[in-house]
Amino acid sequence: MKLHERLRELRSERGLRLKDVAEVADISVPYLSDLERGRTNPSLETLQTLAGAYQITVHDLLEGVEFYGASTEGALPKGLADLIADPTLGPQITPDWVRTLSRIELRGKRPRDKQDWYEIYLHLKRILN
Numbered sequence: 001m002k003l004h005e006r007l008r009e010l011r012s013e014r015g016l017r018l019k020d021v022a023e024v025a026d027i028s029v030p031y032l033s034d035l036e037r038g039r040t041n042p043s044l045e046t047l048q049t050l051a052g053a054y055q056i057t058v059h060d061l062l063e064g065v066e067f068y069g070a071s072t073e074g075a076l077p078k079g080l081a082d083l084i085a086d087p088t089l090g091p092q093i094t095p096d097w098v099r100t101l102s103r104i105e106l107r108g109k110r111p112r113d114k115q116d117w118y119e120i121y122l123h124l125k126r127i128l129n
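1 is the number of the first residue of the sequence shown in UniProt numbering; add one for each residue after it.
Hints listed in this document are in silico derivations from the structure and should not be mistaken for laboratory results.
The structure presented is a predicted model; accordingly, all values stated were derived computationally and were not measured.
With a cut-off of at most 25 Å between alpha-carbon atoms, the simulated SDA-like pairs for lysine to any residue come out as follows: (1) 78 x 122; (2) 114 x 125; (3) 78 x 97.
Please model the complete structure; the sequences and the hints are all you need to start from.
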């Protein structure tokens, strides 16, 4: 995933508008739009500001971006973190499965809740075993 795709994903999975994020991050809407379209690259300061606006770390913001490091729980897609934290269902999902699941998109969208993620996990597990 490219950085601009990750920025758009973070905003859309939280149900925020460009204006909402721009106001919290104190950047202009056109600049944020350019970032999300890949027309310009953010400075480290802007990445820190955006991470703060999303209440995550820069590491989590960059998780999944090509050539960037390992996942942390804060970077997991919505619903997947809930699944992993579930005391009954979570223990059966290994770190390898977490990495695999966190990359899944269905028709350009990600599952939204714990149940959707669990159903995908079970389906893939059946196919691969």
